[in-house]
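Between the sequences and the hints, there should be enough to build the whole structure, so can you do that?
Chains as they are written, first to last, in our numbering: chain A, 2 to 284; chain B, 8 to 256.
Please note: incorrect hints may appear among the correct ones.
Partial selection, computed: residues in chain A whose CB lies under 10 Å from chain B [as the list claims (entries may be wrong)]:
(1) Gly92
(2) Glu104
(3) Ser140
(4) Gly168
(5) Cys184
(6) Ser213
(7) Ala240
(8) His258
Hints listed in this document are in silico derivations from the structure and should not be mistaken for laboratory results. Just so it is clear, CB atoms sit at the ideal spot from N, CA and C, and this is done for glycine as well.
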Amino acid sequence: MTARRQPPARRLPAPGPQLRPLVSTGTVSCPACSRRYVVERYAAAFNVCAGCGHHGAVPARQRITQLADHGSLELMRIEVGDRDPLRFDDGAPYPQRLARARERTGLSEAFLVARASIGQAPVLLACMDFGFLGGSLGSAAGEIFAQACEAAAVERRALVAVCTSGGARMQEGIASLAQMARCSAGVAAVGQARLPYLSVLGDPCFGGVTASFAAQADVILAEPGARIGFAGGRVIEQATHDRLPEGFQRAEFLLAHGMVDAVVARRHLPRTLATLLHMYMPA
Amino acid sequence: MSSTTETAEREAAALAAVELARNPERPRALQVITTAFDQWTELRGDRLFGDDRAVVGGPARLGSQAVMVIGQEKGTDAMSRALHNFGMPHPEGYRKATRLMRQAEKFSLPVVCLVDTPAAYAGIGAEERGQAWAIADSLLCMLGLRTPTISVILSEGGSGGALALALADRVLALENAVYTVAPPETCAAILYRDAGQRARAAAALRPGVDTAYEIGLVDELIPRASRCGHSRDSRRVAPPSRRALCRAC
Numbered sequence: 002m003t004a005r006r007q008p009p010a011r012r013l014p015a016p017g018p019q020l021r022p023l024v025s026t027g028t029v030s031c032p033a034c035s036r037r038y039v040v041e042r043y044a045a046a047f048n049v050c051a052g053c054g055h056h057g058a059v060p061a062r063q064r065i066t067q068l069a070d071h072g073s074l075e076l077m078r079i080e081v082g083d084r085d086p087l088r089f090d091d092g093a094p095y096p097q098r099l100a101r102a103r104e105r106t107g108l109s110e111a112f113l114v115a116r117a118s119i120g121q122a123p124v125l126l127a128c129m130d131f132g133f134l135g136g137s138l139g140s141a142a143g144e145i146f147a148q149a150c151e152a153a154a155v156e157r158r159a160l161v162a163v164c165t166s167g168g169a170r171m172q173e174g175i176a177s178l179a180q181m182a183r184c185s186a187g188v189a190a191v192g193q194a195r196l197p198y199l200s201v202l203g204d205p206c207f208g209g210v211t212a213s214f215a216a217q218a219d220v221i222l223a224e225p226g227a228r229i230g231f232a233g234g235r236v237i238e239q240a241t242h243d244r245l246p247e248g249f250q251r252a253e254f255l256l257a258h259g260m261v262d263a264v265v266a267r268r269h270l271p272r273t274l275a276t277l278l279h280m281y282m283p284a
Numbered sequence: 008m009s010s011t012t013e014t015a016e017r018e019a020a021a022l023a024a025v026e027l028a029r030n031p032e033r034p035r036a037l038q039v040i041t042t043a044f045d046q047w048t049e050l051r052g053d054r055l056f057g058d059d060r061a062v063v064g065g066p067a068r069l070g071s072q073a074v075m076v077i078g079q080e081k082g083t084d085a086m087s088r089a090l091h092n093f094g095m096p097h098p099e100g101y102r103k104a105t106r107l108m109r110q111a112e113k114f115s116l117p118v119v120c121l122v123d124t125p126a127a128y129a130g131i132g133a134e135e136r137g138q139a140w141a142i143a144d145s146l147l148c149m150l151g152l153r154t155p156t157i158s159v160i161l162s163e164g165g166s167g168g169a170l171a172l173a174l175a176d177r178v179l180a181l182e183n184a185v186y187t188v189a190p191p192e193t194c195a196a197i198l199y200r201d202a203g204q205r206a207r208a209a210a211a212l213r214p215g216v217d218t219a220y221e222i223g224l225v226d227e228l229i230p231r232a233s234r235c236g237h238s239r240d241s242r243r244v245a246p247p248s249r250r251a252l253c254r255a256c
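Written as structure tokens, this is what we have:
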């Protein structure tokens, strides 16, 4: 955290995992310290800034390849129809927003689900994509997660969920709230099958997602600096007019308050997950 | 022009429905507990941190049947509203509720939850003590209980803060109640970044409990004894509730 507030000004770039010459397609800059990176090198470093350690956002597709053993991935296609129970229109009709999100992310919903192995342990990986309508939990996303849970229970796989979400999908109103129940039932099915459920909380993770499956895991890991909570900081400030304490709702704050089991740097996640899975799921 | 007036009318109607549900004359959880139930013995505290008065609970008799009743209480006047934090529970409230539910399971008592909250409390202390974790645990607890569970949406069911006590085998709702994914103020802050646009958000959310009934989150609507439904005389709401509750148990 300290390093993050004061990015080192004149340090040579730390060697990334791959220092071979690259034919670049462009550059990106770290959202925290603005250090510039070649896109491929940033991706090779798991979207983590070598200078300040900031953990950048990771799209779901990239996330599953980061976590799964090489060559073990098998995407699960769960087809769920769209629902627009409220015929919602907040400047643009909801179906139009959905279509735009699909085009932008190449995903059908905010959840991407895959069968995979992590350190040879069979898992069902469910990753949320914050780029898809803020990773919000709508009926289709909830259904995908719930079906993934049921598949995990049937196929005797551990469940690993990566949660990055703003919470319930307002555009679906009460139908979205019902997904908290649907997803909790999914988690309960995994628990009844006595299979481990590990969740990884990324930045940000709020609302109905934290208040259901993200917090129901057997082991909860959080990424450094991730903002995690129920109500967002802006909402709290508006409601209570209190000044928020330093580092409020950051992963380290939650660790200190006993809400998460560990804060794990992104490059250590596969190893940490594998270690836990081996102990909880002896082959 | 006509569509603008239509929109304005729709927004006004939706906001009126929310205001009606928040009308202080509507029956509160404690009123229902003291009129529809007998021998209620309040049990307090979450055994972890404190006692949250936004949630009240304890064993009581409903007719001849002993049950565990848990309610979200908003309060009726300035003093009691402050005491009960306007029905917005802290994590301790949900932890007390889950403690009582597990106790009910141990002694084979059905659980009756009376839901009436704008939302779970949003504050620094609530976040520090794991608001999301308390709600998530309550959801799992309600799903796993081996004893019958009944929830009644009395007036306002807002966000996961309401769902935490509304994931029952059977969910009833009083007519004219609202049940939303978030209170209109929060929804407006999220979607339009302006809590002032709550009328627009209210119209978009379709807050009436009939929407929840349509999608199956509520099983039964309880018609109110009086049409306007805002008499201070709580006896006028208790009889239908008691009948409906007895039937559900």
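Status of each hint after checking the structure:
no.: 1; hint: Gly92; result: holds (8 Å)
no.: 2; hint: Glu104; result: violated (21 Å)
no.: 3; hint: Ser140; result: holds (9 Å)
no.: 4; hint: Gly168; result: holds (8 Å)
no.: 5; hint: Cys184; result: holds (9 Å)
no.: 6; hint: Ser213; result: holds (5 Å)
no.: 7; hint: Ala240; result: holds (5 Å)
no.: 8; hint: His258; result: holds (5 Å)
Comparing the model with each numbered hint stated earlier shows that hint 2 is the single one that does not hold.
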